[in-house]
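Novice: Residues per chain are reported as follows:
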Amino acid sequence: MMEWFSDNGLLLGLALLDGLSYAALVFMVAVGLNLVFGVLRIVNVAHGSLFAIGAYTAASIGIFFASLGLPAWAGYIALVLSALLVGAVLGPLIERLLLRRIYGHEDVLQLLVTFALFMILEDVQKLIWGVQPIMQDAPMKFLGTVDIPFGEDVIPFTAYQLFVLPGVAVATLAALAWFLRRTLTGRVIVAVTTDKEAATAMGIDAAKIMLLTFSFGAGLAALGGALASPTTSLVPGVGASTIVLSFAVVATAGLGQIEGAALTSLMIGLGRSIAVYFAPEFEVVVPYIIMVAVLLVRPQGLFGVLETRRV
Amino acid sequence: MLELKGVSVDIAGIRVLRDVSLRVPPGGRVALIGRNGAGKTTALRTLMGLLPTRAGSVAIDGTDATTVPAHHRARLGIGYAPEERRLFGSFSVRENMVLPAQVLKLAAAETARRLDAVFTLLPELRDLAPRRAAGLSGGQGKMVALGRALMVGTRAVLLDEPFQGLAPVLAQRYAEALKRLHEALPDVAILITESNPELLRPLVEATFVIERGEMAPG
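So the sequence lines, in the order shown, correspond to chains A and B.
Just so we're aligned, residue 0 is where the first sequence starts under numbering that gives the first Met the number 0, counting upward by one.
Just so we're aligned, residue 0 is where the second sequence starts under numbering that gives the first Met the number 0, counting upward by one.
Chain A extracted, bound-state conformation (with noise of 0.2 Å):
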């Protein structure tokens, strides 16, 4: 075991720093996607293309602020930028124009149509972005290393990736848990995702509240897109891996938890890199087998609430 632990201890220290990261990453999409299948009772296959949008829009936005000169932190307002733009435009869009027309319709014709979204949103990026690899870094370049000192090694490890990825992902768990507590807005979506039609019979415009928290779910993802893009070179199907990732969160966490999400993540992400270090075989079935585990003992995922279905 020690020795083990000598011959393997550097790798081990990266799999969890690296883990922790991405975990990071998978929690800004599952919790946009938890929360919008509570309130909008569809699961929107294309959630993951938003955190594509995102991660390519903040890159753009990132290269064309260097070519006007302007500093490298500059690269950090790009990241906003980017997701306030997924949120505020292309998130209403889709709720307008598509989702409302099939609420309440059945699982299969949902599915049907956030998948078509999916295969559509792919190819607009194709079309905006091509298919050439795209490499926006200078947010993480700009805040450079961090020595951790691990055993009688060193592991040099980028301060983005330690601390703002990990760092953005406590505070918005931490924001969105007072949000949903202790805001009128908040209570209104915890309320129409509890039971909708009880809620409108208090006064609540159901619509209103849906297209809200669809927007947000998508600035969210669109937010841990454009997290992602300085940690690795764009090119398309990032979308579709991210997706079925926070489809395993979601899953394995059960629905309406927040800080259920935050946790099943982590275990994801630390999960999944541990088996990228030390058994990459297994890399794309980790995630998958602790889902597995977890629903085949609680069916309605860790955190999730057993819910008696109405006729």
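Some hints could be false.
Said to hold, decoys possible - Residues from chain A shown here face chain B by an in silico Cβ test under 10 Å; the list is partial:
(1) V167
(2) L183
(3) D194
To be verified - Across the chosen pairs, the derived CB separations fall in these ranges:
(4) R53/B - W177/A: 53 to 59 Å
(5) R22/B - L110/A: 40 to 46 Å
(6) E282/A - R74/B: 35 to 41 Å
(7) L126/A - K104/B: 53 to 59 Å
(8) R100/A - D63/B: 49 to 55 Å
(9) L110/A - L198/B: 25 to 31 Å
(10) R22/B - L96/A: 19 to 25 Å
(11) A278/A - I10/B: 49 to 55 Å
(12) I10/B - V284/A: 42 to 48 Å
(13) A205/B - V291/A: 57 to 63 Å
(14) E258/A - T206/B: 47 to 53 Å
It is worth saying that the hints were derived from the structure and are not from the lab.
Cβ coordinates follow ideal geometry from the N, Cα and C atoms, glycine included.
Guided by the hints, dock chain B onto chain A, whose structure is given.
Specialist: Chain B alone, transformed into the frame defined by chain A:
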């Protein structure tokens, strides 16, 4: 106050209400009697604007409200207690009751006044106020649902089978609460659905009977 005029309603392509008419006068206490599946809940949901009509119209205060969105009903002073109490489980009892007042942007003083009025009518709610709604018993939940409906229902409350599943003692308490409600607030119209006509006889002035989605002689 509230009126269905020759209303037909489909749910999932099946006609559930056929040419249904009923009227609740201002301050009136009206029962809608029918077996399970007769269309009582559908009639209430139609009055609330929660279901689209295929024919006929819904009127509130004599004005056509057929296409007025459901969430405007609360603003018009109409409260609704659905059959399955349907409280917001993660909120406390008090938060459940206050939420509709907050949504209507009532002044804090007015909200407090209404809350106090409801507590006076339904004293057990005062003790339940800090409890989480998810942990209530069926009978307690029904009381809270009535209280919550009264927070906005300054002109009318629609109560869907409030006696369903209540133990006799609790049903008695609920009936007494309704009597107190009428004495304290005679202007608030009450529409109650029930399958057993005897139960409501002492509480109401008019009775409508619905059978298989159609009005039947009462």
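Novice: Each hint should be assessed against the structure and marked as holding or not.
Specialist: Hint check results:
1. Proximity of V167/A to chain B is violated relative to the hint, the smallest CB-CB distance being about 26 Å (cut-off 10 Å).
2. Taking 10 Å as the C-beta contact cut-off toward chain B, the hint placing L183/A at the interface holds, the least distance being around 5 Å.
3. Given the 10 Å rule on beta carbons, the hint for D194/A holds: about 5 Å separates it from the nearest Cβ of chain B.
4. Between R53/B and W177/A the CB atoms are about 45 Å apart, so this pair departs from the stated range of 53 to 59 Å.
5. Against the hinted window of 40 to 46 Å, the Cβ-Cβ separation of R22/B and L110/A comes to about 45 Å, which satisfies the hint.
6. Separation of E282/A from R74/B is about 55 Å and departs from the stated range, judged on CB atoms against 35 to 41 Å.
7. Between L126/A and K104/B the Cβ separation comes to about 45 Å, which falls outside the hinted range of 53 to 59 Å.
8. In this structure the hint that R100/A and D63/B lie 49 to 55 Å apart at CB is violated, the actual value being about 26 Å.
9. Between L110/A and L198/B the Cβ separation comes to about 46 Å, which falls outside the hinted range of 25 to 31 Å.
10. For the pair R22/B and L96/A, the beta carbons lie near 41 Å from each other, so the given range of 19 to 25 Å is not met.
11. For A278/A paired with I10/B, a C-beta distance near 53 Å keeps the hint of 49 to 55 Å intact.
12. Distance hint for I10/B and V284/A: a CB-CB separation of about 44 Å, consistent with the stated range 42 to 48 Å.
13. At roughly 59 Å, the beta-carbon separation of A205/B and V291/A lies within the given 57 to 63 Å, and the hint holds.
14. A hinted range of 47 to 53 Å for the beta carbons of E258/A and T206/B is consistent with their spacing of about 51 Å.
Figure legend: structure checked against the earlier numbered hints; hints not met, in rising order: 1, 4, 6, 7, 8, 9 and 10.
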